[in-house]
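A.B. asks: So the chains spell out like this:
Protein chains: 2
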Amino acid sequence: MIEDRIQKVLWAVVDSYILNPDPVGSRFVTKKYAFNLSPATIRNIMADLEEMGFLRQPHTSAGRIPTDKGYRFYVDSLAQREDSEDPRLYHDLSERLAAIRQDMDSLLAETTKTLSKLSHYLGVALSPRPETSTLSLISLVRYKENEVVLILLTEEGIIKNKFIRIDQDLTQRDLNRIAEYLNAEFAGRTIDEIRSKIVREMRRDKALCDSLIARAIRVCQEALFFDHGNVFISGLSEVLGLPDFSDLQRIKEISKAIEDKHLIIKLLDTLSSTAGVKVVIGSENSASEMNRLSMVVSTYKEGDRPIGTIGVIGPTRMDYMGAITIVDTAAKFLTRIMTEKKGPQKDV
Amino acid sequence: MIEDRIQKVLWAVVDSYILNPDPVGSRFVTKKYAFNLSPATIRNIMADLEEMGFLRQPHTSAGRIPTDKGYRFYVDSLAQREDSEDPRLYHDLSERLAAIRQDMDSLLAETTKTLSKLSHYLGVALSPRPETSTLSLISLVRYKENEVVLILLTEEGIIKNKFIRIDQDLTQRDLNRIAEYLNAEFAGRTIDEIRSKIVREMRRDKALCDSLIARAIRVCQEALFFDHGNVFISGLSEVLGLPDFSDLQRIKEISKAIEDKHLIIKLLDTLSSTAGVKVVIGSENSASEMNRLSMVVSTYKEGDRPIGTIGVIGPTRMDYMGAITIVDTAAKFLTRIMTEKKGPQKDV
DNA sequence: CCTTAGCACTCTCGCGCTGAGAGTGCTAAG
DNA sequence: CTTAGCACTCTCAGCGCGAGAGTGCTAAGG
Numbered sequence: 002m003i004e005d006r007i008q009k010v011l012w013a014v015v016d017s018y019i020l021n022p023d024p025v026g027s028r029f030v031t032k033k034y035a036f037n038l039s040p041a042t043i044r045n046i047m048a049d050l051e052e053m054g055f056l057r058q059p060h061t062s063a064g065r066i067p068t069d070k071g072y073r074f075y076v077d078s079l080a081q082r083e084d085s086e087d088p089r090l091y092h093d094l095s096e097r098l099a100a101i102r103q104d105m106d107s108l109l110a111e112t113t114k115t116l117s118k119l120s121h122y123l124g125v126a127l128s129p130r131p132e133t134s135t136l137s138l139i140s141l142v143r144y145k146e147n148e149v150v151l152i153l154l155t156e157e158g159i160i161k162n163k164f165i166r167i168d169q170d171l172t173q174r175d176l177n178r179i180a181e182y183l184n185a186e187f188a189g190r191t192i193d194e195i196r197s198k199i200v201r202e203m204r205r206d207k208a209l210c211d212s213l214i215a216r217a218i219r220v221c222q223e224a225l226f227f228d229h230g231n232v233f234i235s236g237l238s239e240v241l242g243l244p245d246f247s248d249l250q251r252i253k254e255i256s257k258a259i260e261d262k263h264l265i266i267k268l269l270d271t272l273s274s275t276a277g278v279k280v281v282i283g284s285e286n287s288a289s290e291m292n293r294l295s296m297v298v299s300t301y302k303e304g305d306r307p308i309g310t311i312g313v314i315g316p317t318r319m320d321y322m323g324a325i326t327i328v329d330t331a332a333k334f335l336t337r338i339m340t341e342k343k344g345p346q347k348d349v
Numbered sequence: 002m003i004e005d006r007i008q009k010v011l012w013a014v015v016d017s018y019i020l021n022p023d024p025v026g027s028r029f030v031t032k033k034y035a036f037n038l039s040p041a042t043i044r045n046i047m048a049d050l051e052e053m054g055f056l057r058q059p060h061t062s063a064g065r066i067p068t069d070k071g072y073r074f075y076v077d078s079l080a081q082r083e084d085s086e087d088p089r090l091y092h093d094l095s096e097r098l099a100a101i102r103q104d105m106d107s108l109l110a111e112t113t114k115t116l117s118k119l120s121h122y123l124g125v126a127l128s129p130r131p132e133t134s135t136l137s138l139i140s141l142v143r144y145k146e147n148e149v150v151l152i153l154l155t156e157e158g159i160i161k162n163k164f165i166r167i168d169q170d171l172t173q174r175d176l177n178r179i180a181e182y183l184n185a186e187f188a189g190r191t192i193d194e195i196r197s198k199i200v201r202e203m204r205r206d207k208a209l210c211d212s213l214i215a216r217a218i219r220v221c222q223e224a225l226f227f228d229h230g231n232v233f234i235s236g237l238s239e240v241l242g243l244p245d246f247s248d249l250q251r252i253k254e255i256s257k258a259i260e261d262k263h264l265i266i267k268l269l270d271t272l273s274s275t276a277g278v279k280v281v282i283g284s285e286n287s288a289s290e291m292n293r294l295s296m297v298v299s300t301y302k303e304g305d306r307p308i309g310t311i312g313v314i315g316p317t318r319m320d321y322m323g324a325i326t327i328v329d330t331a332a333k334f335l336t337r338i339m340t341e342k343k344g345p346q347k348d349v
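Chains A and B supply the protein sequences, listed in that same order. Counted the way the numbering used here counts, the first sequence spans residues 2 to 349. Counted the way the numbering used here counts, the second sequence spans residues 2 to 349.
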């Protein structure tokens, strides 16, 4: 248990440093944060905090700056308060995004833009993984000889198109019948369920190799494997305005992060199960490329089921409070949209 | 008519500067480019070139660097040679892109990546504008009450999905009939043609306001207006490695260019009609944001009809020769793919 | 025993200076 | 017209210096 006074000093240092990227000195703390203590006392406390690993000095005789552990303390103490949603922001979001409620991709793309504009960090979003989405409708269209386009529409509003090659030339009529069968059989289930069902049927129906069903299954078998959802990232120019990214090295770091979407997907995916807002600070990131970056993420849900992830990525010296509010609000907003979408439907 | 000798000096300066971003001096020119002239003579020539506006000095008594006009001369003299396609590169491209011939978006996304990897500049691509594409198939799917998904497939392999709201609730059966009608009427025409046809029919058929056709047309009217094709841009981290982008200001410039996709679309679009490789140098760009960037672009065609644009964007100090080769080769490659795609089809 | 004042110490940062190096323009001779 | 020579200009890296900020330590005070 750390003494209350010590916590307050730590909090002050982190808070001040986030506001303004100068190492913060003992004198400044006493003045700005109104402790009834002299700078000397604060110095002692800060030395203790440094020993404990919460603060460090960029060089001897500069002020202190927080370590990742220091930020962690700050963020955890923030989490206590639990008043992160901002109604005004919520309203703002609704206005910005009202026009594009239609398809998931534009919605998320616009959400990341809004996130980055509001937070001045990178806005990211991961669209729902098709695997866990509920199939609304499958449609098959003959494109060319031996080539078919599969169109998959989920209840969440995701559309996936896939060109698939088949070993025999089917007429559009055949395809219609196959699609009809598939819809009858599978609509309302998740892609994951469908896949395992297909595998089972494959095994059972090995005999009737040429039936319509066999064909249908062969078509789907290839088509229903999706890699992942889309990632949306935006706000590079926002980030470049920050003092934290004034040197080339760090800019390269973050631009690498942007280009390596797989990394982002992986990171977001591992956080996708947790509820509420989650903060990952600097070295807490599993990927070394993100060692000096922090993420604030949350999941959006359809009803109670988390279906996707959004968040912001910025320097470890991040306005966590603001970021948390923004991400939390945006996630709740998306959840409402997704839940509404699902609601008044079901009558196809 | 400029004297031959002068041209050679200009060429040498540009060539050397492109290779290595140091202002080039008279002594260096005589040594490296084996003129039978003394540095003093070269100095005179260079002074002339500066007067003519082809060269400039970053500061008194540094070497010369090319102006945009100087680069223009260099590029034009390059254009004479006309051996820009590179068979090895062509082969390389085929291998990289073989796996993803299927849908246009992935193909172009991958193309930009390849362009940027090979050139070390930004790779950009503009997908075919739906307006000029040939409709292969329209499909309508009921999504929710009063909401329909329109799926549009063109012969070029572009798929467009659009959620549309309609004022009355149509059954899937209605939609099928509408789609059938639309396909019968419109398949094989370009979207542009279809649109003007629709407008005409609207006028004529004002009377039969409730017929199937009227409904179909009402659906399409809204749905067939596309803003533009997609832009694909990649290679920021490539570009950041260049010495030209070692200061923050320029990085911001280029990242703004990346984020402002509309600008890129506009620029590429205005160049989309010209045949062959086109080079736009620095201030030749209509947009002031691009004043210090150059673009090398070309169009890819389906048969003889240009349908889209690809290119690279980099600093004015660009390896134009290499960039031209790469872009030209890639454009030809895409043209082959698109033309093949269209070829063995037509039998739906 | 904790707090505080005082003080010497350390480190960064900005400034101006300097000398080396590179390249020029000009002039006068070939 | 070309070239050698030379004075001149400008950048750049390195250095020293002083100001400023902040620390750690010690010794005195509550």
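Any given hint could turn out to be false.
No copy labels: a pair is met if it fits in one copy or bridges any two.
To be verified - Subject to a maximum C-alpha distance of 20 Å in a straight line, what follows is the list of computed SDA-like cross-link-like pairs (lysine to any residue): (1) 9 to 189; (2) 267 to 44; (3) 163 to 111; (4) 33 to 170; (5) 32 to 89; (6) 163 to 98; (7) 118 to 162; (8) 262 to 106; (9) 163 to 100; (10) 114 to 140; (11) 333 to 292; (12) 333 to 162; (13) 253 to 175; (14) 163 to 140; (15) 257 to 89; (16) 70 to 190; (17) 257 to 59; (18) 257 to 111; (19) 333 to 93; (20) 163 to 338; (21) 302 to 82; (22) 161 to 108; (23) 118 to 263; (24) 163 to 99.
Because the hints were derived from the structure by calculation, they are not lab data.
A.B. asks: If a hint holds in the structure, say so; if it does not, say that too.
C.D. replies: Cross-check of the supplied hints:
In this assembly of identical chains, residue 9 and residue 189 lie within 20 Å of each other by CA distance neither inside one copy nor across copies; the values are 54 Å within and 72 Å between. Proximity of residue 267 and residue 44 under a CA criterion of 20 Å is satisfied in neither setting, with 42 Å inside one chain copy and 58 Å between copies. For the homomeric pair residue 163 and residue 111, the shortest alpha-carbon distance between copies (16 Å) is at most 20 Å, but the shortest distance inside one copy (24 Å) is not. Taking the shortest alpha-carbon separations for residue 33 and residue 170, neither the intra-copy value of 77 Å nor the inter-copy value of 64 Å comes in at or below 20 Å.
For a Cα distance limit of 20 Å, the shortest separation of residue 32 from residue 89 qualifies neither inside one copy, at 33 Å, nor across copies, at 69 Å. Proximity of residue 163 and residue 98 under a CA criterion of 20 Å is satisfied inter-copy only: 17 Å between copies versus 28 Å inside one chain copy. With identical chains, the CA atoms of residue 118 and residue 162 are never at most 20 Å apart, being 31 Å at best within one copy and 28 Å at best between copies. Within a single copy, residue 262 and residue 106 get their C-alpha atoms as close as 16 Å, and across copies as close as 17 Å, so both meet the 20 Å cut-off.
In this homomeric assembly, residue 163 and residue 100 come within 20 Å of each other (Cα to Cα) only across copies, at 14 Å, whereas the closest approach inside a single copy is 27 Å. Taking identical chains as interchangeable, the C-alpha atoms of residue 114 and residue 140 are never at most 20 Å apart, the minima being 32 Å within one chain and 31 Å between chains. Within a single copy, residue 333 and residue 292 get their C-alpha atoms no closer than 28 Å, and across copies no closer than 42 Å, so neither meets the 20 Å cut-off. In this assembly of identical chains, residue 333 and residue 162 lie within 20 Å of each other by CA distance neither inside one copy nor across copies; the values are 28 Å within and 27 Å between.
Proximity of residue 253 and residue 175 under a CA criterion of 20 Å is satisfied in neither setting, with 52 Å inside one chain copy and 54 Å between copies. Proximity of residue 163 and residue 140 under a CA criterion of 20 Å is satisfied in both settings, with 11 Å inside one chain copy and 15 Å between copies. In this assembly of identical chains, residue 257 and residue 89 lie within 20 Å of each other by CA distance neither inside one copy nor across copies; the values are 34 Å within and 29 Å between. In the homo-oligomer, the alpha carbons of residue 70 and residue 190 never lie at most 20 Å apart, since the shortest distance is 44 Å inside one protomer and 63 Å across protomers.
For the homomeric pair residue 257 and residue 59, neither the shortest alpha-carbon distance inside one copy (26 Å) nor that between copies (32 Å) is at most 20 Å. Within a single copy, residue 257 and residue 111 get their C-alpha atoms only as close as 22 Å, which misses the 20 Å cut-off; across copies the closest is 17 Å, which meets it. Taking identical chains as interchangeable, the C-alpha atoms of residue 333 and residue 93 lie at most 20 Å apart only when both belong to the same chain, with a minimum of 13 Å there against 47 Å between chains. Only between protomers do residue 163 and residue 338 lie at most 20 Å apart by alpha-carbon distance; the minimum there is 18 Å, versus 26 Å within a single protomer.
Neither within a single protomer nor between protomers do residue 302 and residue 82 lie at most 20 Å apart by alpha-carbon distance, with minima of 23 Å and 60 Å respectively. Proximity of residue 161 and residue 108 under a CA criterion of 20 Å is satisfied in both settings, with 15 Å inside one chain copy and 16 Å between copies. In the homo-oligomer, the alpha carbons of residue 118 and residue 263 lie at most 20 Å apart only across protomers (18 Å), although the nearest pairing inside one protomer, at 24 Å, exceeds that limit. For the homomeric pair residue 163 and residue 99, the shortest alpha-carbon distance between copies (16 Å) is at most 20 Å, but the shortest distance inside one copy (29 Å) is not.
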